[in-house]
Amino acid sequence: MITPATPKSWYLPSKPHKFCPGCGHGITLKALGEVIDELEIQDKTIFGCDIGCSLLSWDFFACDSTQTHHGRTTPVMVGIKRARPELITIGYMGDGGGYSIGSQHLLNSAVRNEKVTLILVNNTNYGMTGGQMAPTTLPGQKTETTPYGRDPELTGYPTKGPEFLAELTSDGAYIARGTVAKYKQLKRFIKNALLNQIEGNGFSFVEVLSTCPTNWRTNAQQTWHFLEEEMEKEFPVGELKSPLGKGDK
Amino acid sequence: MQKVISETKKAFMTGNETAAWAALAAGAEVMYGYPITPQNEIMHYWTRLAPKYDRKFLQTEDELSAGFTTSGAVQAGVKAFTATAGPGNVLMQEPFGMAEAMRLPLLAIIQQRGGPSSGTVIYSQQEVTLTTYGGNGEGHRIVYSTATHQELYDYIIKGFNTAWKYRFPTFVLGDGYQAKMREPLEIYDPEERGIEMVKTYPLIGREGHIGENREPQHLCNIYSLEEELYDVVMKTSAEYEKISPEIVEYDENLCQDADVLIVTHGVVSRAADDAVKALRAQGIKASYFRPITLRPFPAKQLREAIAKSGAKKMLIAESAYGQLDRLTKQEIYGETIVIDHLFMPGVGIVDHDIITKVKSML
Chain U
0 MITPATPKSW
10 YLPSKPHKFC
20 PGCGHGITLK
30 ALGEVIDELE
40 IQDKTIFGCD
50 IGCSLLSWDF
60 FACDSTQTHH
70 GRTTPVMVGI
80 KRARPELITI
90 GYMGDGGGYS
100 IGSQHLLNSA
110 VRNEKVTLIL
120 VNNTNYGMTG
130 GQMAPTTLPG
140 QKTETTPYGR
150 DPELTGYPTK
160 GPEFLAELTS
170 DGAYIARGTV
180 AKYKQLKRFI
190 KNALLNQIEG
200 NGFSFVEVLS
210 TCPTNWRTNA
220 QQTWHFLEEE
230 MEKEFPVGEL
240 KSPLGKGDK
Chain F
0 MQKVISETKK
10 AFMTGNETAA
20 WAALAAGAEV
30 MYGYPITPQN
40 EIMHYWTRLA
50 PKYDRKFLQT
60 EDELSAGFTT
70 SGAVQAGVKA
80 FTATAGPGNV
90 LMQEPFGMAE
100 AMRLPLLAII
110 QQRGGPSSGT
120 VIYSQQEVTL
130 TTYGGNGEGH
140 RIVYSTATHQ
150 ELYDYIIKGF
160 NTAWKYRFPT
170 FVLGDGYQAK
180 MREPLEIYDP
190 EERGIEMVKT
200 YPLIGREGHI
210 GENREPQHLC
220 NIYSLEEELY
230 DVVMKTSAEY
240 EKISPEIVEY
250 DENLCQDADV
260 LIVTHGVVSR
270 AADDAVKALR
280 AQGIKASYFR
290 PITLRPFPAK
300 QLREAIAKSG
310 AKKMLIAESA
320 YGQLDRLTKQ
330 EIYGETIVID
340 HLFMPGVGIV
350 DHDIITKVKS
360 ML
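Taken in order, these protein sequences are the chains called U and F.
For the first sequence, counting from 1, position 145 maps to 144 in numbering that gives the first Met the number 0; every step adds exactly one.
For the second sequence, counting from 1, position 28 maps to 27 in numbering that gives the first Met the number 0; every step adds exactly one.
Hints are computed from structural coordinates only; laboratory data are not their basis.
Keep in mind that the hints are not guaranteed to be accurate.
[Stated by the list, open to error] With a straight-line Cα cutoff of 35 Å, these simulated DSBU-like cross-link-like pairs (lysine-lysine) come out:
(1) F:Lys234 / F:Lys164
(2) F:Lys234 / U:Lys14
(3) U:Lys183 / U:Lys17
(4) U:Lys159 / F:Lys55
(5) U:Lys43 / F:Lys55
(6) U:Lys43 / F:Lys2
(7) U:Lys141 / U:Lys181
(8) U:Lys43 / F:Lys164
(9) F:Lys198 / U:Lys43
Model the full structure from these sequences, guided by the hints.
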C-alpha cells in the first residue's frame, strides 16, 4: 500500500483535518507544510491563525501555534517578530479577516515592511459563518447577504489584495497570488514568501485562490470551473513583487 | 540587561515620565503603543530612553494593534507593555479579553480621561468598570489604582511581577491628573531594594527540537463545545479566587472608631485623606478606606473596617457617576451600613467637597 506523503511538520494527532470535502485549505496547508520541511524551520516557526475557516488550522502543524481574533493575526505576528526576530512568523487568514475586519493591520504592516509572512486564503466568501459576502465576492455572485448577486453599485468591486499591497510596499516586499489549482506554483510562491522573511528583506504576502463548494453550492466540476475560470479572470495569478534573485524562483 | 538606575534618586517629574522610568527599571523590553491623551508622554519618554538601553518600541496603527502586538510579544516570552486611555481603552478591550482568555501576562497603564465617548482629554475615574470588567468575560484581571507618583512607579514595577507570576493581564489605573502633574518621588532599581523581578518565559517559540525533546505548543481561545469552555472558565475562576488574597491591597486610616467611613480610590483618596484629618480636627469622627486593588477587591478588609469602626454611614466619593459605588456594593453585599455618595463624573474632587458632603450626612 502506498501512503500519501505527509509533511513532517504536520501535527498527526489533529489529522484527518476538519475542513469540508473539496475545500482548498488542505492543499494550501500541505504546500506550506512541505515548505516548512524543506526550509527546516519547524522548530522556530510560529504559526498564527485567524478566526473563520482558517481557525481550523490552529493545531494543524507540529509547530508552536497561536490562535487570535478575527483580523488580528497580523498584529500578533508583528508583535512576536519584532520582539523575537529570530523566529519565523506565519500568519494564516481568510479574505474577511485580512481584507475586511483586519484591513488596517494588513495595510499598515505592509507599509512598515514588517518582516512577517502572511498567507491569505481567498474563497470569495465568509465560509465559517455560513457563506456571506466577502470583500472578494465576484460581481453577480450569490451569497447569503447578496442573495440576488453582488451588485457593485451597492457594495463595490472585489478587493484586489496583492495589487494594492504591491503598490503600498517598498523594496524588499514579496507579493504574489497563487491558486490551489496550480500546486507547484503555489508552493513556490509560499517558499519564496518564507525565504524573503528568512533573508530579512521585508513584508511577504501570498493570496491563495481557493475553493468553497459547501457555500458555493457547487459540485466538483462547477467548483473547479469557478476557481479556474471565474476567479482567475478577476484575480490574475503570479508574482507581483519579488526582491529574490531569479534563480530562487 | 543594562541597569537603568544604579542608586536611588530623588526625582520631580510627571506621572507619564514616571511610568516610562518604572517600565525601564522593571526591565520591560518592548512597548507597543498608539497616541491618545493623556498618556502620550509615556511613549515620548520611552522612545527617548529605550534606545539607550536596547529596548524596543513600535507606534502601531491603532489601539487594537497595540494590544495585539503586546499580546504577541508576551506570548514569545518578552516583557512588554502598552498604555492607553478613554476610547483607546475601549478598543483595547478586545486584546485584553484575549489576554484574559489565554492568561497572557501583559501590562497596560491606563491614564483615565473623561467619558463617555471622546469625553475630555483631561481627567476622570470613569474607566473603572471598563478596566475591571471590560470585555465579554468575567473580569479575570488584576487592577491597581494608584494615588501618587511614587505609587505609579512602585505599582508598575510590581504590576510586571504580578502579571508574570500569576499570568493574568495586569493594569495600573492612573488618570490625567497623575499623568500630567509633577511631583517628587524616589526612583530606584527594584533589585537594589530587594524586589526580585519575576523571570519571563516563552509560551511559544520555545527552545528545543519538536518531536525530539519537546512538543509543539498550540494556544487557543476558542472551543468547539460548551463543556470545554466551561471547564476553562471554571478553572481560571478557581485560580483567580485562590490567588486573590495574595494580591489584594488596600489602605485605611482611623477605622478603629468612626461615625462615617469614606471610601475612595486613586487620586481622590488624597482628598479623602485630607478631609478625614480636617473633619477629625472639627470633632467629626471620619475614617478612610481605599482599595488599591480594584480587581481583586479588598472586600474582606472593607467589611472588617465597617465592623471595627462602628460607623453607621459610608460615603463613596469618585470622579465618576457610580462606578466605584457599584463595584463596592457588589463586593460588600449584605452589609447594613447606610451608603451615601458623592459623584463628580470627569471633574476633580478636593477635600472641601468631601467635608461639605460628610457634614450634610450627619
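Evaluation of the provided hints:
With a CA separation close to 17 Å, the supplied pair Lys234 (chain F) and Lys164 (chain F) stays within the 35 Å bound. Among the hinted pairs, Lys234 (chain F) with Lys14 (chain U) is consistent with the structure: their alpha-carbon atoms are about 28 Å apart, no more than 35 Å. For the given pair, Lys183 (chain U) sits about 24 Å from Lys17 (chain U) by alpha-carbon distance, which is consistent with the 35 Å threshold. For the given pair, Lys159 (chain U) sits about 34 Å from Lys55 (chain F) by alpha-carbon distance, which is consistent with the 35 Å threshold.
For a cut-off of 35 Å, the pair hint linking Lys43 (chain U) to Lys55 (chain F) stands: about 21 Å separates their Cα positions. Annotation: proposed proximity of Lys43 (chain U) to Lys2 (chain F) holds, straight-line Cα distance about 30 Å (limit 35 Å). With a C-alpha separation of about 26 Å, the suggested pair Lys141 (chain U) and Lys181 (chain U) falls inside the 35 Å cut-off, and the hint holds. This hinted pair checks out: Lys43 (chain U) and Lys164 (chain F) have alpha carbons roughly 26 Å apart, not beyond 35 Å.
For the given pair, Lys198 (chain F) sits about 21 Å from Lys43 (chain U) by alpha-carbon distance, which is consistent with the 35 Å threshold.
When the structure is compared with the earlier hints, no violation turns up for any of them.
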